[in-house]
Amino acid sequence: MIADVLAQAVESTGGGTGEAVLFWILAPVSVLSALGLVISRRAVNGALFLALVMISLAVFFIALEAPFLGVVQIVVYTGAIMMLFLFVIMLVGVDASDSRVETIRGQRVAAILAGLGLGVLLVAVVSRAVFSDWVGLAGAAPEGSVPAIADAIFSRYVWAFEIVAATLITAALGAMVLTHQERLTRRPGQRELAEQRFASGSGVAASQLPSPGVYARHNAVDTPALLPDGTTSDESVPTSLVARGAVRPSDEFTKHEPGELEGDQQ
Amino acid sequence: MLTQMESVQPAEGVFAATWLLILLPLVGAAVLLLGGRRLDRIAPVFGTVMPALSFGYAVVLFAAMVGRGADERAVSVPLWDWFAVGGYEVSVGLLLDQLSMAFVLLITGVGSVIHLYSIGYMAEDDRQGRFFGYLNLFVAAMLLLVLADDFLILYVGWEGVGLASYLLIGFWQHKNSAAVAAKKAFVANRVGDAGMSLAIMSMFVVFGTTAFAGVFPAAAEASEGWLIAIGLFLLLGACGKSAQFPLQSWLLDAMEGPTPVSALIHAATMVTAGVYLIVRAAEIYNLAPAARTAVVIVGTITLLMGAIIGTAKDDIKKALAGSTMSQIGYMMLAAGLGPAGYAFAIFHLLTHGFFKANLFLGAGSVMHGMNDEVDMRRYGALRTVMPVTFITFAAGYLAIIGVPPFAGFFSKDRIIEAAFGEHFMYGLAALIGAGITAFYMTRVMLMTFAGRKRWADDAHPHESPPVMTIPLWILGGLSVVGGLGLLYLGGGIVDWLEPVTGEEHHELAIPAAALTAIIIAVVAAGIAIAWLIFGRQPVPTTAPAGSFVTVAARKDLYGDAINEAVLMRPGQYLTRSLVYVENKGLDGAVGGTAAAFGGLSARMRRIQTGFVRSYALSMLAGAAVVVVAMLLVRLP
Amino acid sequence: MSPTAYLVLASLLFAIGGVGVLVRRNALIAFMSIELMLNACNLAFVTFARMHGNIDGQIIAFFVMVIAAAEVVVGLAIIVTIFRTRRSASVDDESLLKL
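Chains as they are written, first to last, in this note's numbering: chain S, 1 to 266; chain F, 1001 to 1636; chain R, 2001 to 2099.
Please keep in mind that the hints were generated in silico from the structure rather than gathered at the bench. Check before you lean on any hint, since a few could be wrong.
Stated by the list, open to error - Calculated Cβ distances over 10 Å to all of chain S for the following chain F residues: (1) Gln1537; (2) Ala1561; (3) Gly1585; (4) Phe1611; (5) Ala1621; (6) Ala1624; (7) Leu1631.
To be verified - Each pair of labels, with its calculated beta carbon distance range: (8) F:Ala1596 / S:Gly106: 20 to 28 Å; (9) S:Ala165 / R:Arg2086: 32 to 40 Å; (10) S:Asp222 / F:Arg1603: 29 to 37 Å; (11) F:Thr1593 / S:Leu113: 56 to 64 Å; (12) R:Arg2086 / F:Ile1607: 22 to 30 Å; (13) F:Ile1607 / S:Ala199: 53 to 61 Å; (14) R:Asp2056 / S:Asp222: 32 to 40 Å; (15) S:Asp234 / F:Ile1607: 48 to 56 Å; (16) R:Arg2086 / S:Ala172: 47 to 55 Å.
Stated by the list, open to error - Looking from chain F toward chain S, a few residues come up when the C-beta cut is under 8 Å (computed): (17) Gln1572; (18) Ser1614; (19) Val1628.
All C-beta atoms, glycine included, are put in the ideal place defined by N, C-alpha and C.
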């Protein structure tokens, strides 16, 4: 629905100023986001920049009389593929960051030169080329883009469609096969786990870990809980916070007697 | 102009199996050489029987030949067609005429006698099978040489005797000196063979064939320049085989071989093959006086050279080898005189075969009795201990110095006459040579058989067994009567050979009898001088320093030194420099190219860093290049 | 808006994505740069589709998206597997194919 509205809006302006404004706002955004992706140190930031690029491209698609493609861009690309990326980033480590030092000699300079050269080349060629003005898809897609695409896919491109579908299935299966880890040893049973726990020696492992909040003096995530002997338990705080050094020290809670803290009632 | 081939008869009757002459010793050689050690016990007798059978058949053929008229004695025995290449056809055949008959009798007769002698001489050797096999091989090859009717077939025999000579000189392989001497002989012969090859090639160019029947009748039509060239090439070949100057250096070293070998090959037969070649090619030499002159000069130089060398050698075999060199010089001198001298050359060749083989076998007998000692300074007073050897050696001695009525007198006398008839200088040189011959042969006799004992402490000189003395008696007898017999029996050798060689007679300034008297006087002077030096005073056991002539003669008149300086050292330098060029230049270029590629690839290898990103960089660059290329195609 | 502007934008995004692949060592960011390049191509296709009045450009862009999805699935699975063993997501680690 929204896509059709947008498309009609575009057509009503005849590809005129509205489209130009759209373009000249979003184009710099997308270019800067692309640069941001390439420059960002953290993978998460890069993923977010890429998502931004993709969304702006989706808008472009809609402006270019391809509403179906624009929606598919958002749903498939930004929605599914970027989420996949973010999942893997999570697995690999959100805070893993590259150092800025380039290990291969001359790679950075050569890469920038090559990229610059390629870019300049393509831009020069494209700007020199004489393109006919928009013909528009009114003739090719009289009932809108979706019926036209459907018509083309299931008649002229049905063979490619079937193969691509098979490819997709194969890729999914391939991913499962690649990441499958065969269990080489027997899964330790409950008795073995209990023996391991007692064999480690420290009394802490003898029983189950306390459920969350048992030793908590505070209900904030970044405040560690206190163990019976007064030391903080590092296990009560998420490791990412520990890695980031965002754990609040528990001194202010241990120094006070019960009742001294504000808002603390007997 | 007489041509040899005018009256060749086809082979019939007894002559049909002439090839048996060659086949018998060849079979003997094959059996003995292929049979190996197993046949060692029967080898001596078997090896002697084969040439003896050949000799018997040769006598039969000789009798048949004598029975025919003088114009019908040459027999042609065609065997088979060998090959035809382009316009050059060669068929193997034999030509048995008066000249080759004389040689056949000499080779098989003297050869069989020497084989008999070898049975005794080589009795303690453990490789007798090989020895007799090689000897038979030699006899077969030499017979092929003298019986061939084509220069190419002659060349096959020529090479065969060279091979046999090499094998026999180096028979005692464990002696390094023998191996070196064999190599030297072969190499010097090779130089001569090059001349022979050039002669054959020239014949092919000029006549289109190398068969005697094709070359000799057509010789009159060839240009004199070519005939002189062929004559000189043949002379070069003859010099190699007959150890004439300048290829004479190998003959003295060839004495490393066993004494029967020295007697058969390097005295009686192989070294005379050169003389045979020149006499056989008489047609060519008759038409090329310049080549004849070259032959005469070579012969003269060599006869004096050999004589001088022979005077200073203490090794009895080397002294005799110098003598051989000198006597063959006489034969070459005579052969170079043209029809006036061909017959005398062959006559001297035959008598020389008798007495020189006799002398060598006698020397071998002395060595056998003296524990293989060859230094004459360690001999002395052997005539009482070895009487048979002494008597037969004396017969040969008198023959070689030319005392009448022994064999050498007649042949040498004729040669000196013919030399004077040609030119005074040649005659004078031959006369002086005769004097020196008398001198050094008397020296040998006196040092060996007369005077006081100078033996080594462990020497027990004794006479040789009959198997060795019987050949000495045979050859000694031939040395005594051979000259007279050949000259006067049945018309004489000159008439016998006349259809082949032609005859000429030069008038002398003085009567022949006066010349003979002068020759005898010169010989007597030589004997007297030798008696004065070696007969009256005791011979020192170590060689005295001697004058510079003596020193030069001891060093073979610097023949080896000249060869080394002129040929060997430049050859070595050339080889070394070529090897250097090859190592540094060619190998350097090849190795350098390989190294350059290696270095280049080592540089290029660094592109493969293993990093995905550098590969991606090259991909991007490549994509940019592709875009540019596509645009360049489309833009214009 | 002439087609040229869209195509220039697509070329720029493509070049930036290319540089990103070459410069970044983190495997995930390199992969994302590749996705950027694919997106730039999609933009160009759609522009041409509108320019020529032919729906085929959009069809191709559609198929590119599907294939990109498949590619991302497999690529990320590979990265995860490598990370499991090597504990590192750097592209430079797999450098054993050097001479």
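The hints, checked one at a time:
1. Distance check for glutamine 1537 (chain F) against chain S: the nearest CB is about 100 Å away, which clears 10 Å, and the non-interface claim stands.
2. Every Cβ of chain S is farther than 10 Å from the Cβ of alanine 1561 (chain F); the closest lies at roughly 72 Å, confirming the non-interface assignment.
3. Against the 10 Å criterion, glycine 1585 (chain F) stays outside the reach of chain S, whose nearest CB is about 41 Å from its own CB.
4. Against chain S, the non-interface label of phenylalanine 1611 (chain F) is violated: not every CB pair exceeds 10 Å, the least being about 6 Å.
5. With a minimum CB-CB distance of about 5 Å to chain S, alanine 1621 (chain F) fails to clear the 10 Å threshold, and the non-interface call is violated.
6. With a cut of 10 Å on Cβ distances, alanine 1624 (chain F) falls inside the contact zone with chain S, its closest approach being about 5 Å.
7. Listed as outside the interface, leucine 1631 (chain F) is inconsistent with that label: its C-beta sits roughly 6 Å from the nearest C-beta of chain S, within the 10 Å cut-off.
8. Under the hint 20 to 28 Å, the C-beta atoms of alanine 1596 (chain F) and glycine 106 (chain S), about 26 Å apart, fit the expected range.
9. For the pair alanine 165 (chain S) and arginine 2086 (chain R), the supplied restraint of 32 to 40 Å holds, since their beta-carbon distance comes to about 34 Å.
10. For the hinted restraint 29 to 37 Å between aspartate 222 (chain S) and arginine 1603 (chain F), the CB-CB distance of approximately 57 Å leaves it violated.
11. Restraint check, threonine 1593 (chain F) to leucine 113 (chain S): a C-beta distance of roughly 36 Å breaks the suggested window 56 to 64 Å.
12. As the Cβ distance of arginine 2086 (chain R) to isoleucine 1607 (chain F) is approximately 25 Å, the hint placing it in 22 to 30 Å holds.
13. Between isoleucine 1607 (chain F) and alanine 199 (chain S), the C-beta spacing of about 55 Å keeps the proposed range 53 to 61 Å intact.
14. Look at aspartate 2056 (chain R) against aspartate 222 (chain S): about 55 Å separates their beta carbons, and that is not inside 32 to 40 Å.
15. For the hinted restraint 48 to 56 Å between aspartate 234 (chain S) and isoleucine 1607 (chain F), the CB-CB distance of approximately 50 Å keeps it satisfied.
16. Checked against the hint of 47 to 55 Å, the C-beta distance between arginine 2086 (chain R) and alanine 172 (chain S) comes to roughly 25 Å, which is inconsistent with it.
17. A distance limit of 8 Å between C-beta atoms decides the matter here; for glutamine 1572 (chain F) the minimum to chain S is near 58 Å, and the interface restraint is violated.
18. The closest approach between the C-beta of serine 1614 (chain F) and any C-beta of chain S is roughly 6 Å, which is under the 8 Å cut-off, so the hint is satisfied.
19. Because the smallest distance between the Cβ of valine 1628 (chain F) and any Cβ of chain S comes to about 7 Å, under 8 Å, the interface hint for this residue holds.
Hints 4, 5, 6, 7, 10, 11, 14, 16 and 17, counting from the list given before, are not met by this structure.
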